[in-house]
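Chemist: One letter stands for each residue in the lines below.
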Amino acid sequence: MLAKRIIACLDVKGGRVVKGVRFRDLRDAGDPVVLAERYCKEGVDEIVFLDISASAGKRRTRRDWVKRAARRLDVPFTVGGGVSSLDDIRALLRAGADKVSVNSAAVLNPRLIAEASRTFGSQCIVSAIDAKRTGADWEVYVYGGTTPTGKNAVEWAVECERFGAGEILLTSMDADGTKNGFDVGLTRAVSEVANIPVIASGGAGRMQDFVQVFKQGKADAVLAASLFHYGKLSVPSLKEYLKLQGILVRME
Amino acid sequence: MIGVLDYGQGNLYNARNGLRRAGAKRVKVVETRSEIDKCSALVIPGVGSFSEAMKKLEPLRSCLREFVGEGKPLLGICLGMQVLFEEGEEGGKTVGLGLLAGSVRKLRGASKLPHIGWNSVLSNKRAGVPESLLWKGLPENPFFYFVHSYAGVPVEESVIIGRTEYGKKFVSAVQRRNVFGVQFHPEKSGKNGEKVLANFVELTEKWK
Numbered sequence: 001m002l003a004k005r006i007i008a009c010l011d012v013k014g015g016r017v018v019k020g021v022r023f024r025d026l027r028d029a030g031d032p033v034v035l036a037e038r039y040c041k042e043g044v045d046e047i048v049f050l051d052i053s054a055s056a057g058k059r060r061t062r063r064d065w066v067k068r069a070a071r072r073l074d075v076p077f078t079v080g081g082g083v084s085s086l087d088d089i090r091a092l093l094r095a096g097a098d099k100v101s102v103n104s105a106a107v108l109n110p111r112l113i114a115e116a117s118r119t120f121g122s123q124c125i126v127s128a129i130d131a132k133r134t135g136a137d138w139e140v141y142v143y144g145g146t147t148p149t150g151k152n153a154v155e156w157a158v159e160c161e162r163f164g165a166g167e168i169l170l171t172s173m174d175a176d177g178t179k180n181g182f183d184v185g186l187t188r189a190v191s192e193v194a195n196i197p198v199i200a201s202g203g204a205g206r207m208q209d210f211v212q213v214f215k216q217g218k219a220d221a222v223l224a225a226s227l228f229h230y231g232k233l234s235v236p237s238l239k240e241y242l243k244l245q246g247i248l249v250r251m252e
Numbered sequence: 001m002i003g004v005l006d007y008g009q010g011n012l013y014n015a016r017n018g019l020r021r022a023g024a025k026r027v028k029v030v031e032t033r034s035e036i037d038k039c040s041a042l043v044i045p046g047v048g049s050f051s052e053a054m055k056k057l058e059p060l061r062s063c064l065r066e067f068v069g070e071g072k073p074l075l076g077i078c079l080g081m082q083v084l085f086e087e088g089e090e091g092g093k094t095v096g097l098g099l100l101a102g103s104v105r106k107l108r109g110a111s112k113l114p115h116i117g118w119n120s121v122l123s124n125k126r127a128g129v130p131e132s133l134l135w136k137g138l139p140e141n142p143f144f145y146f147v148h149s150y151a152g153v154p155v156e157e158s159v160i161i162g163r164t165e166y167g168k169k170f171v172s173a174v175q176r177r178n179v180f181g182v183q184f185h186p187e188k189s190g191k192n193g194e195k196v197l198a199n200f201v202e203l204t205e206k207w208k
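Protein sequence lines correspond, in order, to chains V and A.
Mapping to my numbering: the first sequence position 85 is 85, numbers consecutive.
Mapping to my numbering: the second sequence position 174 is 174, numbers consecutive.
It is possible that some hints are incorrect.
[Said to hold, decoys possible] List of simulated lysine to aspartate or glutamate pairs, DMTMM-like, C-alpha gap at most 25 angstroms:
| hint | chain 1 | residue 1 | chain 2 | residue 2 |
| --- | --- | --- | --- | --- |
| 1 | A | LYS191 | V | GLU159 |
| 2 | A | LYS106 | A | GLU156 |
| 3 | V | LYS218 | A | GLU165 |
| 4 | V | LYS215 | A | GLU156 |
| 5 | A | LYS112 | V | GLU159 |
| 6 | A | LYS56 | V | ASP87 |
[Said to hold, decoys possible] To give a feel for the contact side, a few chain A residues facing chain V, derived at Cβ under 10 angstroms:
| hint | residue |
| --- | --- |
| 7 | GLY92 |
| 8 | LYS93 |
| 9 | THR94 |
| 10 | GLY98 |
These are computed hints drawn from the structure, not numbers from a lab.
Just so you know, even glycine gets a beta-carbon here, dropped at the ideal spot from N, CA and C.
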């Protein structure tokens with residue numbers, strides 16, 4: 001049976017991890033690869049690196065860590081952030097990323113997902129969606145959640161799948177950073193219409209939140225960042241807890 | 001030396017990186033017949049479609065048959081396992097390498113495709129069936145990372161060394177003497193994957 005996945009997200013800026021880091025014993029805890037390796041050892045199932053560098057130029061000149069990640073990590077990893085063209089995707093895959101996530105650029109130009117999945121295969125194209133509740137629905141936002149698009153998030157997820165995305169990384173902007181739990185309603189609404197895996201993101205605070213988003217939200221995977229970084233929760237204890245709650249997770 | 005076959009599909013360096021992490025001393029990316037001939041073992045990696053892969057592999061058909069005929073170990077990973085069979089249906093009916101009897105078909109009974117994520121391999125523990133050397137030192141029903149929509153359907157039951165459940169059960173690992181195939185990505189499967197690759201590296205040395 002397929003296990004539910006726990007994904008750790010690292011924000012990278014200029015080749016360095018920017019959010020707080022709990023591993024004091026690490027030689028260089030600001031190095032994305034060193035930190036990701038530690039998460040792998042703890043049993044995390046996947047890593048997502050989000051490059052939040054301000055300009056495309058800065059992102060491109062700092063690709064060396066992607067190559068190092070490919071040599072050192074023994075679980076799949078995704079790179080996202082500012083990916084705007086087929087060439088960007090090709091460069092990241094060539095550097096060794098297993099998957100690339102596309103966000104704003106796909107909303108502005110949906111053909112990017114179609115072309116990318118046709119060229120590189122659906123399995124390596126992740127469609128990242130930032131959604132915010134508006135009334136009874138959720139709206140898609142772009143440019144790091146600053147700009148509303150008028151698009152309905154659930155409908156957009158269906159479109160992404162039709163264009164050939166292999167997975168959906170769904171972030172609730174309302175829940176993100178609150179630690180009050182995932183947006184279960186949003187996750188469930190998307191999971192129920194999508195025939196591709198849905199990764200729930202934003203709002204993880206307690207271990208029960210993960211159970212809820214897997215069971216009620218029907219998520220295939222969850223992504224968390226600061227919760228792991230600040231040592232509030234360790235991956236092994238989370239997995240033990242989920243197992244006790246009857247959720248199938250990978251144990252080594 | 002272990003060769004990693006470059007036939008224009010992705011995932012080449014990941015397989016090489018994985019073999020190195022698993023302790024392989026000499027790993028080389030190979031492309032031509034003469035390069036393959038120099039190898040003592042070969043890995044066919046791969047992400048992509050069956051028909052596209054076979055376009056590139058067709059000229060190497062006889063070379064790969066001879067390689068296996070000499071008793072050298074060969075490991076197919078994911079698409080690399082699928083092309084070992086006689087026929088695939090992805091991208092239109094296409095003839096495969098035919099090193100294993102059977103065909104490759106789309107996964108049936110699954111709600112979501114591709115099958116992406118960590119799933120466990122139920123290894124053969126039937127009485128009288130020896131465990132494959134590939135599984136040496138692994139826990140019961142080990143988890144591995146999968147990304148695929150198609151899987152091999154062998155004619156001979158005896159080549160099946162692992163099955164996995166996703167909707168229905170499918171064949172996730174095969175071995176016929178020196179020919180091995182795994183549908184999962186050992187190079188992306190944490191400690192378990194590294195163990196599988198280390199087992200392959202080890203038997204490669206024995207085979208010499």
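Chemist: Confirm or reject each hint.
Modeler: Hint by hint, here is what the structure shows:
no.: 1; hint: A:LYS191 - V:GLU159; in the structure: violated (37 angstroms)
no.: 2; hint: A:LYS106 - A:GLU156; in the structure: holds (19 angstroms)
no.: 3; hint: V:LYS218 - A:GLU165; in the structure: holds (19 angstroms)
no.: 4; hint: V:LYS215 - A:GLU156; in the structure: violated (40 angstroms)
no.: 5; hint: A:LYS112 - V:GLU159; in the structure: holds (16 angstroms)
no.: 6; hint: A:LYS56 - V:ASP87; in the structure: holds (24 angstroms)
no.: 7; hint: GLY92; in the structure: violated (16 angstroms)
no.: 8; hint: LYS93; in the structure: violated (20 angstroms)
no.: 9; hint: THR94; in the structure: violated (17 angstroms)
no.: 10; hint: GLY98; in the structure: violated (25 angstroms)
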